[in-house]
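Kindly generate the complete structure, drawing on both the sequences and the hints.
Protein chains in written order, with our numbering: chain U, 119 to 378; chain G, 119 to 378.
Be careful, since some hints might not be right.
Identical chains share a label here; the pair holds if one copy fits it or two copies do between them.
Stated by the list, open to error - Here are the simulated lysine-lysine pairs, DSS-like style, with alpha carbons at most 25 Å apart:
1) K299 to K168
2) K215 to K168
3) K168 to K207
4) K288 to K168
5) K222 to K258
6) K262 to K277
7) K288 to K258
8) K222 to K168
Worth flagging that the hints you see were computed from the coordinates, not collected in a lab. In this text, all values refer to a predicted model and were calculated from it rather than measured experimentally.
The chain contents come next:
There are 2 protein chains.
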Amino acid sequence: MLLFFFLATLLGATTAQAGILYPTIIKKGEHLRPQSNARRSASHGGEPCKSWQFAIETHNLIDWKTVPNECELFVGRYLLGDQYAEDSKVVTREAFKFALSFNKSYDGFDIWIFAIDETALSNLPYYASRGFGTEPFDSKAFDKWVKSEDAPALSWTLKLYKQLQLLGYKIVFLTGRREYKREATHDNLLVAGYRNWEKLIHKPSDYNGSALDYKSDKRQQLVDAGYRIVGNVGDQWSDLLGTNHGTRNFKLPNPLYYVI
Amino acid sequence: MLLFFFLATLLGATTAQAGILYPTIIKKGEHLRPQSNARRSASHGGEPCKSWQFAIETHNLIDWKTVPNECELFVGRYLLGDQYAEDSKVVTREAFKFALSFNKSYDGFDIWIFAIDETALSNLPYYASRGFGTEPFDSKAFDKWVKSEDAPALSWTLKLYKQLQLLGYKIVFLTGRREYKREATHDNLLVAGYRNWEKLIHKPSDYNGSALDYKSDKRQQLVDAGYRIVGNVGDQWSDLLGTNHGTRNFKLPNPLYYVI
Numbered sequence: 119m120l121l122f123f124f125l126a127t128l129l130g131a132t133t134a135q136a137g138i139l140y141p142t143i144i145k146k147g148e149h150l151r152p153q154s155n156a157r158r159s160a161s162h163g164g165e166p167c168k169s170w171q172f173a174i175e176t177h178n179l180i181d182w183k184t185v186p187n188e189c190e191l192f193v194g195r196y197l198l199g200d201q202y203a204e205d206s207k208v209v210t211r212e213a214f215k216f217a218l219s220f221n222k223s224y225d226g227f228d229i230w231i232f233a234i235d236e237t238a239l240s241n242l243p244y245y246a247s248r249g250f251g252t253e254p255f256d257s258k259a260f261d262k263w264v265k266s267e268d269a270p271a272l273s274w275t276l277k278l279y280k281q282l283q284l285l286g287y288k289i290v291f292l293t294g295r296r297e298y299k300r301e302a303t304h305d306n307l308l309v310a311g312y313r314n315w316e317k318l319i320h321k322p323s324d325y326n327g328s329a330l331d332y333k334s335d336k337r338q339q340l341v342d343a344g345y346r347i348v349g350n351v352g353d354q355w356s357d358l359l360g361t362n363h364g365t366r367n368f369k370l371p372n373p374l375y376y377v378i
Numbered sequence: 119m120l121l122f123f124f125l126a127t128l129l130g131a132t133t134a135q136a137g138i139l140y141p142t143i144i145k146k147g148e149h150l151r152p153q154s155n156a157r158r159s160a161s162h163g164g165e166p167c168k169s170w171q172f173a174i175e176t177h178n179l180i181d182w183k184t185v186p187n188e189c190e191l192f193v194g195r196y197l198l199g200d201q202y203a204e205d206s207k208v209v210t211r212e213a214f215k216f217a218l219s220f221n222k223s224y225d226g227f228d229i230w231i232f233a234i235d236e237t238a239l240s241n242l243p244y245y246a247s248r249g250f251g252t253e254p255f256d257s258k259a260f261d262k263w264v265k266s267e268d269a270p271a272l273s274w275t276l277k278l279y280k281q282l283q284l285l286g287y288k289i290v291f292l293t294g295r296r297e298y299k300r301e302a303t304h305d306n307l308l309v310a311g312y313r314n315w316e317k318l319i320h321k322p323s324d325y326n327g328s329a330l331d332y333k334s335d336k337r338q339q340l341v342d343a344g345y346r347i348v349g350n351v352g353d354q355w356s357d358l359l360g361t362n363h364g365t366r367n368f369k370l371p372n373p374l375y376y377v378i
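Written as structure tokens, this is what we have:
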């Protein structure tokens, strides 16, 4: 009850209103009423961009082309602020706990798969100057950025990568970047701090299928070669759905773009 | 650049600091550094409970037993505030858009599956008085709550339910509630505003398997009976993963509990 009053106070109700706050939201035989815009205040109102983020990260919204213009600032604040790192920390820490508890074989065939863009490497320096995903994808400009080899590591991913290697896992990078980006990607991974990966799998330059099919096919080839996919870390649902997707999957946040 | 300064200001940097904010987060060859606790402030610091919510809703964290004690207030504010309704609105609106665009057969066999607890009906009145999921599940107390038939509809779900029926879809409720709760559930659905469902499928009282297997099995029976599962709406990943999970799935928020 004490908590209830504390809550009611936090929600902006006065002490006099507190007793009726809860019943105004839920009454017997009535519905949980979404409150109208008029009743929202900046401090605790429903934030449409937060809901957009919830919807994309849970794969409720699919095939979206660009970040809504009204969410540019929201996405920028998220990525440049602390929450992005905090979210990534919780995910990678959970991945590490799983890796630690998993009954490994120590024969060199227990692997973890990592995506590259927005998983191992961050393209935030590129997207920060281009409206945080609100602008349509510009493949020429992005190719130029990739060639610069300037993408920094996402530090929580790099930490997990090193922990997994210490535990005896091999790492396979499986990326949607096409073959012609192999050299730049290889060098960028090294500069960013990644070492001793088992494989770096690029998409054939003439591949026309979906990311989901491409990644499923490549994982099948890994399984056929005797590897066991213990974990799979990506920022896109197309990294984690499909076949042979690993004993456990880990979804890192990415509010910048959707890969089909 | 103007946006950048606006952003930097919002992130709490002074104009003098703004020029170095971005480079301190990302430098060539360096990592995106998660900022230490010491550098966080209440206004924009990484919020661990937000990250916990991200992790459970994206199925990075699985098999969790209770809400962390330190997140009781966070979960309470989320559920009693506007964001829960806003998130549900975005998801159900997306479901409606999909239902509208889907090429229906109008033969009575295009169905949508709905879960019940925290999808069709809200148990928030129950959980609000029990620490918002921080307390271990108490099946006796919960049974008593179910028997009260007092659970309100989640209003965005009810709206979607009615829209789908108007579009010509049939609705099948597929719930983890066991058979002995059928009468109370049936009556509660009516009181809450749900009408004319096609089926209400309860879990056999002696079923011992996982929710995922139970729901997959029941969906298989629906498919065998000629139904086409167009959409599937749930609050648990065990509602949406597995086999025959529907052409599109819709994941409503539920930070209260995890069903295995």
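For each hint, the structure was consulted:
no., hint, in the structure
1, K299 to K168, "neither (34 Å within a copy, 36 Å between copies)"
2, K215 to K168, "between (28 Å within a copy, 20 Å between copies)"
3, K168 to K207, "both (19 Å within a copy, 12 Å between copies)"
4, K288 to K168, "neither (36 Å within a copy, 32 Å between copies)"
5, K222 to K258, "neither (43 Å within a copy, 41 Å between copies)"
6, K262 to K277, "neither (28 Å within a copy, 48 Å between copies)"
7, K288 to K258, "neither (33 Å within a copy, 48 Å between copies)"
8, K222 to K168, "neither (39 Å within a copy, 32 Å between copies)"
Hints 1, 4, 5, 6, 7 and 8 from the earlier list are contradicted by this structure; the remaining hints agree with it.
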